[in-house]
Amino acid sequence: MCPDDQILSQYFDGEVDLSTKEMIESHVDDCWRCRKRIEAFTNIRFKMLEEDEIDIDSEKEQVYRKIENDYRFRQRKGFWDKKWLIPAPVVVVSSIVICILFSALFVTLGMNQKNTIALKQQRALHIQMNEIQLDDLNQFFDSQDFMIEAKMELPAQGDFSIMGEPQLLRAVDSKRR
Amino acid sequence: MRKDSESVEFTRIYNTIFPTLIRIAYHMTGSMTISEDICQEAFIKLYQRNKSFPDKDQAKYWLIRVVKNLIFNYEKRKTRERKAYQRVLQQPRRIEPSGETEVLKKEKLSIIQNSLQKLPYKLRSVIILKEYGRMNYREIAKILGISEGNVKVRVHRAREMLSVLIKENDYVS
Amino acid sequence: MCSGEDLQDLLELVHENAFRINISASVKEHNSISVWNMEVSRLTISGKTVNVKLTSDTIIVIAHITPYVENDESLILIAQGQVYLSNPVEESVQYVSTVKSLPVSLGESVLFYPLGISEEKNHESFTIELEIQVLPYSETGEER
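Chains as they are written, first to last, in this note's numbering: chain A, 1 to 177; chain B, 1 to 173; chain C, 1 to 144.
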């Protein structure tokens, strides 16, 4: 009885236990069909590793030169910077955690007291993230699909900046209305 | 470049791991230009993060993971561009990445490379990590974030599909 | 398996406890002229967040809006703002995060400014403003 082709593939990769290995080896000795299957795997591996297309040495030199000329290689700015460096995923995760904690805190307060107290107005948290681009962050957010998303189409002039403490207020209280 | 022990170490890692990395990138994307960019990016990231690894293999896995992410994003961009193009022209179009035209310029794209490019991303990634990355199923599973069982099945399917593609190619050529 | 009656009860429960959140997001120039606007509306329930992401070339703003029921007529509105502002010169991204809360009434308009507001009348930068309104589910589809 021939072993499953899947098992032969695993055997070929050395990913079977000892007893299975011995069993297959003795079977293959007498089985032309299974020998052919394994030959096919060998053929694929061999053809893949036949390297006639890549000049490894020249590529290696070329890319190394590009690295040497890369400004990030020369400066190593992010590393020696004294600013507070936090990898972006840590920031994102911790901000989600902070949000959950605040919500949890609030819910607890709400449940313990008849008159719910609004959260003390917290000052905003500011963090400077180096070595990160908005593109990286967008890719991270792309993988989460629980948001309403919109791209703001804006006139070219003008830009964004942090203008002060973020605010939440009633429209009637707002002077601009 | 600073000639201190860190730089020497970086160069050593670079020389050791570059061949594996460029092979993986090239056979995944089919474009040498893209592959050079990806490898450059991966090593720069290594340098910037100033990671020290307990052994050479750990460095290799870290770099391969970075390369795999960069390739994944590249593939997604390609698909998005192809879809956008189709929407505009209202007809399907097979977009040749610049790499394919490069390679086609050479006298003959080997049958195996041709066939590899035809594999779907999920199958191509495992067989390339297996044969060029020389990794075992467990390592491949960790890099790709899938189960070992999944790796087993995909490697086998990749081989099956490659066999068929190679045969077809033989008849054509 | 839900029985017919259970389903009906469930639907009534949802009707009684669900909210419609209307959000009008604007970008304002010189503190008053609106140069971009988006209006969305979502159903939610107490404690379930509605997330809005606004992007442009240099900024990502994510607003997490959550209503919490206080009693029959009033709610607490929690607004968390996460801002990722890129600084191309320094090749860095500034991250600002806040959580603000306010007791509100159903139908009342509330304004959220994730970047803050400038004091000057003709400030150069854009202001991002989210106008938020929480309505009971029964008043569906009503635009302001």
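Hints should not be assumed to be uniformly reliable.
Computed cross-link-like contacts, DSS-like style, restricted to lysine-lysine with a CA-CA straight-line distance of at most 25 angstroms [claimed, not checked]: (1) B/Lys122 / B/Lys60; (2) A/Lys60 / B/Lys56; (3) B/Lys83 / C/Lys53; (4) A/Lys36 / B/Lys167; (5) A/Lys36 / B/Lys118; (6) B/Lys83 / A/Lys60; (7) A/Lys151 / B/Lys76; (8) C/Lys48 / A/Lys151; (9) B/Lys78 / A/Lys151; (10) B/Lys83 / B/Lys60; (11) B/Lys152 / B/Lys118; (12) A/Lys47 / C/Lys48; (13) A/Lys66 / B/Lys122; (14) A/Lys47 / B/Lys83; (15) B/Lys142 / B/Lys45; (16) A/Lys47 / B/Lys60; (17) B/Lys45 / B/Lys60; (18) B/Lys76 / B/Lys45; (19) A/Lys47 / B/Lys76; (20) C/Lys48 / C/Lys28; (21) B/Lys83 / B/Lys122; (22) A/Lys47 / B/Lys45; (23) B/Lys118 / A/Lys66; (24) A/Lys47 / B/Lys167; (25) B/Lys152 / B/Lys83.
To be clear, the hints were calculated from the coordinates, so they are not data collected in a lab.
Going down the list of hints, with the structure as the test:
1. Distance hint between B/Lys122 and B/Lys60 is fulfilled; the C-alpha atoms sit about 21 angstroms from each other, no more than 25 angstroms.
2. Of the pairs offered as hints, the one joining A/Lys60 and B/Lys56 holds, with about 18 angstroms between alpha carbons and a cut-off of 25 angstroms not exceeded.
3. For the proposed pair B/Lys83 and C/Lys53, the alpha carbon gap of about 24 angstroms is at most 25 angstroms, so the pair holds.
4. For the hint pairing A/Lys36 with B/Lys167, the CA-to-CA distance comes to about 15 angstroms; that is within 25 angstroms, so the pair holds.
5. Taking the CA atoms of A/Lys36 and B/Lys118, the gap is near 24 angstroms; set against the 25 angstroms cutoff, the hint holds.
6. For the suggested pair B/Lys83 and A/Lys60, the alpha carbons sit about 35 angstroms apart, so the restraint of at most 25 angstroms is broken.
7. Taking the CA atoms of A/Lys151 and B/Lys76, the gap is about 20 angstroms. The hint holds against a cut of 25 angstroms.
8. Proximity of C/Lys48 to A/Lys151 is assessed by CA-CA distance (about 24 angstroms); at most 25 angstroms being required, the pair is judged to hold.
9. For the hint pairing B/Lys78 with A/Lys151, the CA-to-CA distance comes to about 21 angstroms; that is within 25 angstroms, so the pair holds.
10. For the hint pairing B/Lys83 with B/Lys60, the CA-to-CA distance comes to about 34 angstroms; that exceeds 25 angstroms, so the pair is violated.
11. For the hint pairing B/Lys152 with B/Lys118, the CA-to-CA distance comes to about 20 angstroms; that is within 25 angstroms, so the pair holds.
12. With a CA separation close to 56 angstroms, the supplied pair A/Lys47 and C/Lys48 exceeds the 25 angstroms bound.
13. Among the hinted pairs, A/Lys66 with B/Lys122 is inconsistent with the structure: their alpha-carbon atoms are about 31 angstroms apart, more than 25 angstroms.
14. As the CA atoms of A/Lys47 and B/Lys83 are separated by approximately 33 angstroms, the hinted pair breaks the 25 angstroms bound.
15. With a C-alpha separation of about 20 angstroms, the suggested pairing of B/Lys142 with B/Lys45 holds against the 25 angstroms cut-off.
16. For the hint linking A/Lys47 to B/Lys60, the alpha-carbon distance of about 24 angstroms falls within 25 angstroms, and the restraint holds.
17. Distance check on the hinted pair: B/Lys45 and B/Lys60 sit about 13 angstroms apart at the alpha-carbon level, within 25 angstroms; holds.
18. Only pairs whose Cα atoms come within 25 angstroms are accepted, and B/Lys76 paired with B/Lys45 is accepted, the gap being roughly 21 angstroms.
19. Annotation: proposed proximity of A/Lys47 to B/Lys76 is violated, straight-line Cα distance about 28 angstroms (limit 25 angstroms).
20. Note on C/Lys48 and C/Lys28: the hinted pairing is violated, with a Cα-Cα distance of about 29 angstroms set against a maximum of 25 angstroms.
21. At roughly 19 angstroms between alpha-carbon atoms, B/Lys83 and B/Lys122 fall within 25 angstroms of each other, so this suggested pair holds.
22. A distance of roughly 32 angstroms separates the Cα atoms of A/Lys47 and B/Lys45; the hinted pair therefore is violated under the 25 angstroms criterion.
23. For the suggested pair B/Lys118 and A/Lys66, the alpha carbons sit about 31 angstroms apart, so the restraint of at most 25 angstroms is broken.
24. With a C-alpha separation of about 13 angstroms, the suggested pairing of A/Lys47 with B/Lys167 holds against the 25 angstroms cut-off.
25. Note on B/Lys152 and B/Lys83: the hinted pairing is violated, with a Cα-Cα distance of about 31 angstroms set against a maximum of 25 angstroms.
Of the numbered hints given earlier, the model fails hints 6, 10, 12, 13, 14, 19, 20, 22, 23 and 25; all others are met.
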